[in-house]
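Visitor: If you're matching them up, the sequences are chains A and B in order.
Everything in the first sequence is counted per our numbering, starting at 20 for the first residue and increasing by one.
Everything in the second sequence is counted per our numbering, starting at 20 for the first residue and increasing by one.
Just so you know, not all the hints are guaranteed correct.
As the list claims (entries may be wrong) - Calculated from the model, a selection of chain A residues having no Cβ within reach of chain B, i.e. all distances over 10 angstroms:
#	residue
1	Asn116
2	Leu135
3	Pro157
4	Arg160
5	His220
6	Glu278
7	Ala332
8	Asp338
9	Arg344
10	Arg453
As the list claims (entries may be wrong) - Here are some chain B residues pointing at chain A (derived, C-beta under 8 angstroms):
#	residue
11	Arg54
12	Asn116
13	Glu149
14	Ser167
15	Leu275
16	Val276
17	Ala313
18	Ser341
If you are wondering where the hints come from, they were derived from the structure by calculation, not from laboratory data.
We put the CB at the ideal spot given by N, CA and C, even for glycine.
The chain contents come next:
Protein chains: 2
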Amino acid sequence: MTEMRTLKVALLGCGNVGAQVARILIEDADALAARTGARLQLSGIAVRNVNADREVELPQELFTTDAETLVKDADLVIELMGGIEPARTLILSALRNGACVVTGNKALLAQDGPTLYEEADKAGVQLSYEAAVAGAIPILRPIRDSLSGDRITRVLGIVNGTTNFILDQMDTTGAQFADALAEAQRLGYAEADPTADVEGHDAAAKAAILASLSFHTRFGLENVHCEGITSVTASDIAAAKDAGFVIKLLAIAEKLVDEEGREGVSVRVHPTLLPREHPLAAVHGAFNAVFIEAENAGELMFYGQGAGGTPTASAVLGDLVSAARRLVLGGPGRTETTTGHVPALPIDAATTSYYIGLDVADQPGVLAKIAQLFAEHGVSIEIMRQTIHRDAESNVESAELRIVTHRASEAALAATVEAVKGLDVINSVTSVLRVEGV
Amino acid sequence: MTEMRTLKVALLGCGNVGAQVARILIEDADALAARTGARLQLSGIAVRNVNADREVELPQELFTTDAETLVKDADLVIELMGGIEPARTLILSALRNGACVVTGNKALLAQDGPTLYEEADKAGVQLSYEAAVAGAIPILRPIRDSLSGDRITRVLGIVNGTTNFILDQMDTTGAQFADALAEAQRLGYAEADPTADVEGHDAAAKAAILASLSFHTRFGLENVHCEGITSVTASDIAAAKDAGFVIKLLAIAEKLVDEEGREGVSVRVHPTLLPREHPLAAVHGAFNAVFIEAENAGELMFYGQGAGGTPTASAVLGDLVSAARRLVLGGPGRTETTTGHVPALPIDAATTSYYIGLDVADQPGVLAKIAQLFAEHGVSIEIMRQTIHRDAESNVESAELRIVTHRASEAALAATVEAVKGLDVINSVTSVLRVEGV
Numbered sequence: 020m021t022e023m024r025t026l027k028v029a030l031l032g033c034g035n036v037g038a039q040v041a042r043i044l045i046e047d048a049d050a051l052a053a054r055t056g057a058r059l060q061l062s063g064i065a066v067r068n069v070n071a072d073r074e075v076e077l078p079q080e081l082f083t084t085d086a087e088t089l090v091k092d093a094d095l096v097i098e099l100m101g102g103i104e105p106a107r108t109l110i111l112s113a114l115r116n117g118a119c120v121v122t123g124n125k126a127l128l129a130q131d132g133p134t135l136y137e138e139a140d141k142a143g144v145q146l147s148y149e150a151a152v153a154g155a156i157p158i159l160r161p162i163r164d165s166l167s168g169d170r171i172t173r174v175l176g177i178v179n180g181t182t183n184f185i186l187d188q189m190d191t192t193g194a195q196f197a198d199a200l201a202e203a204q205r206l207g208y209a210e211a212d213p214t215a216d217v218e219g220h221d222a223a224a225k226a227a228i229l230a231s232l233s234f235h236t237r238f239g240l241e242n243v244h245c246e247g248i249t250s251v252t253a254s255d256i257a258a259a260k261d262a263g264f265v266i267k268l269l270a271i272a273e274k275l276v277d278e279e280g281r282e283g284v285s286v287r288v289h290p291t292l293l294p295r296e297h298p299l300a301a302v303h304g305a306f307n308a309v310f311i312e313a314e315n316a317g318e319l320m321f322y323g324q325g326a327g328g329t330p331t332a333s334a335v336l337g338d339l340v341s342a343a344r345r346l347v348l349g350g351p352g353r354t355e356t357t358t359g360h361v362p363a364l365p366i367d368a369a370t371t372s373y374y375i376g377l378d379v380a381d382q383p384g385v386l387a388k389i390a391q392l393f394a395e396h397g398v399s400i401e402i403m404r405q406t407i408h409r410d411a412e413s414n415v416e417s418a419e420l421r422i423v424t425h426r427a428s429e430a431a432l433a434a435t436v437e438a439v440k441g442l443d444v445i446n447s448v449t450s451v452l453r454v455e456g457v
Numbered sequence: 020m021t022e023m024r025t026l027k028v029a030l031l032g033c034g035n036v037g038a039q040v041a042r043i044l045i046e047d048a049d050a051l052a053a054r055t056g057a058r059l060q061l062s063g064i065a066v067r068n069v070n071a072d073r074e075v076e077l078p079q080e081l082f083t084t085d086a087e088t089l090v091k092d093a094d095l096v097i098e099l100m101g102g103i104e105p106a107r108t109l110i111l112s113a114l115r116n117g118a119c120v121v122t123g124n125k126a127l128l129a130q131d132g133p134t135l136y137e138e139a140d141k142a143g144v145q146l147s148y149e150a151a152v153a154g155a156i157p158i159l160r161p162i163r164d165s166l167s168g169d170r171i172t173r174v175l176g177i178v179n180g181t182t183n184f185i186l187d188q189m190d191t192t193g194a195q196f197a198d199a200l201a202e203a204q205r206l207g208y209a210e211a212d213p214t215a216d217v218e219g220h221d222a223a224a225k226a227a228i229l230a231s232l233s234f235h236t237r238f239g240l241e242n243v244h245c246e247g248i249t250s251v252t253a254s255d256i257a258a259a260k261d262a263g264f265v266i267k268l269l270a271i272a273e274k275l276v277d278e279e280g281r282e283g284v285s286v287r288v289h290p291t292l293l294p295r296e297h298p299l300a301a302v303h304g305a306f307n308a309v310f311i312e313a314e315n316a317g318e319l320m321f322y323g324q325g326a327g328g329t330p331t332a333s334a335v336l337g338d339l340v341s342a343a344r345r346l347v348l349g350g351p352g353r354t355e356t357t358t359g360h361v362p363a364l365p366i367d368a369a370t371t372s373y374y375i376g377l378d379v380a381d382q383p384g385v386l387a388k389i390a391q392l393f394a395e396h397g398v399s400i401e402i403m404r405q406t407i408h409r410d411a412e413s414n415v416e417s418a419e420l421r422i423v424t425h426r427a428s429e430a431a432l433a434a435t436v437e438a439v440k441g442l443d444v445i446n447s448v449t450s451v452l453r454v455e456g457v
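The task is simple: from the sequences and hints, build the whole structure.
Guide: Shown next, in the form of structure tokens:
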């Protein structure tokens, strides 16, 4: 048997995911070597504090605070520090040295991806980041490789487990947002400061990455319209449920033609109604899933664990073995294609169906007035449903009107809602939510 | 702009999938070139009859009956003829010439895969076959690449659309197998001779391919235990439904330890009960899905269209673009790893839970007798449920007993069922079905 080559692996960061990656690199060394054709030797772990408590017991001599030196001597660099700096500088330095880089840093990729991709291109090495989107789920490689002969038309993703857990709790138990958030925090599904999750920022970074790969064009955070779930109420959820829908926070990237006939991609994150029979509606708890529509393949869905140290480590190691095999085989790494050049469309150009809840006066002719107003704004109504409530004590009647529209532009819808508010028969607009999958 | 290289693509076969592949290669030539970095020029289509009617209008001059000559001059060969010969000889000849090969030929791969893989290894070229399993769903590449740093422990696949359609019809409408099959044939989901589908042979070939990739070991058809769905009755389905299960034909590959402590892989295809809340239970109609359990990633599911010309063409073209990009970049192709060396276990060594339906005498002590007998055979009962029916006219009572066991070996279960049949309180064993996902 010929002597196996050894590849030096530098690990930057030793949190939740990093510690598991280190553990597996050590424990599964033989199996990984067999699959790679080279031994993957963990040469060191760069951390801020070498004496910090870790979840996993790891050899103390591996730890160092000198990330720069560690990177210089590595064939493969795994960056799991998070944040922009020093991660960005270290990755660029690794790529320039000809090392392949594996990262899970979605914020950095969404903010400054193009700089990194270009550096990898120049060096002819691989920059992989499967762990950055939807944790353990193999989604970026299938989009990049398996669907490279197809045209993706739309991506709908549940890519944030915290918000999916919260919305699922609200849907199952009828809880208000604040209570469901508290429960998520108690169970460790939400951080003490949940802003990045509940405001949709985490999902927005993932949406930018998904859009870039799906449409062969580089989209950044500035191209993503982002709304979180903090304003979703228990009564929104109940009304949606009653109408046969479930509310999910979706990362959406879809090819659209705007009113001027210009083709572009709308990238956005917002709470969305989905029919209960839609495959994404069955994604419960902290699970993630990405639903893809492609011209030839049709509908595809990828489902699995979107977070957690061990599941995310699986994605990191898949990238690592793939990059290492390429080093063993020889020949340059494969990088992304960005030949699409489709423009990002502003949110106003996006079209979806809408669900609108209205508290209206209970008098004849109200439905006709509202329908007329929608028609004037070019928004076509698919379903209109009125429910009359009578208060047992006061004997006062109130009417609730629920409308689901056909696809309309954000701009047309916004104008319609403004006009509806001005009608004297309207007491209040109780909810406006986008609908997908109908 | 530098001149783009042209790669010659030979297409062998022009059926359902082949015709769509040819159409897309011609219609999407520019987009494919942009993504590949080379023009993919369809140099010819080998068919038996150049004048046959085709679903898609294609340039007549592309057609030839001389597959050998076409293959000799190609950089990339797409084999979609099906069957063993001449497909096998043509693929081997293409690989020896240094061409990359894309095929969807599951029968050939399951029967003679090792010969093909070795030839590709020797030539340092790519042999890809994503289309061979689960049509449009990217499943082989995620297993091979994305999960290459993980250990897969179990694969459960709905990989045959015909049988899934039939079982779904039976579940939804209460139809008998024969009627559901007739409906599937009427709608084009089943062939006039449905044997390969309903007897499980198609699923068995896919099970062998999935097992080989998942466990880094070459498994052939001879390692797959195969049972079809022809003996599944409407009353099996009804009883399963009543107990909260759905019946699916699953292709299963899982790592097990047999009674002698020997680790191995059980590869099998059989009708299987799944709890209705299992993600695979929601896979309806002719759709396919593959559910994977891995040590680190946890549970993953891949869902999409498993057949049809255009969806399957998407998988073929994904492989083609990937192989062509590698030719453009230089460096050898990537081949499978077969370093696992785990033995295939015979069906007797497989362990699952079982569902057993019994028609029993309605007298005291029956349950105790049966429970005693199961215990003696080392099969542990999880659920035991008795239903008494009284015939309104005759006033005769009969009792139905349904048992779900804990995991037990096939051998232990078979012995138990034999023994149960000998009990005087048993009128008949109405069904024995395996259960997964509990």
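Visitor: For each hint, tell me whether it holds in the structure or not.
Guide: Structure-based check of each hint:
1. Asn116: holds, 20 angstroms
2. Leu135: holds, 19 angstroms
3. Pro157: Per Cβ check, Pro157(A) is inside 10 angstroms of chain B; nearest 3 angstroms; violated.
4. Arg160: Not fine: 5 angstroms to the nearest Cβ puts Arg160(A) too close to chain B.
5. His220: Non-interface label on His220(A) holds, nearest chain B Cβ at 25 angstroms vs cutoff 10 angstroms.
6. Glu278: holds, 25 angstroms
7. Ala332: Answer for Ala332(A): violated, closest chain B Cβ roughly 6 angstroms.
8. Asp338: violated, 8 angstroms
9. Arg344: violated, 6 angstroms
10. Arg453: Given a closest Cβ separation of 24 angstroms, the condition holds.
11. Arg54: Holds. Min distance 5 angstroms.
12. Asn116: With Cβ-Cβ at 20 angstroms, over 8 angstroms, it is violated.
13. Glu149: holds, 6 angstroms
14. Ser167: holds, 4 angstroms
15. Leu275: With Cβ-Cβ at 18 angstroms, over 8 angstroms, it is violated.
16. Val276: Hint on Val276(B): violated, closest Cβ of chain A at ~17 angstroms, above 8 angstroms.
17. Ala313: Result: holds, 6 angstroms to nearest chain A Cβ.
18. Ser341: Nearest chain A Cβ about 5 angstroms off; hint holds.
Comparing the model with each numbered hint stated earlier shows that hints 3, 4, 7, 8, 9, 12, 15, 16 do not hold.
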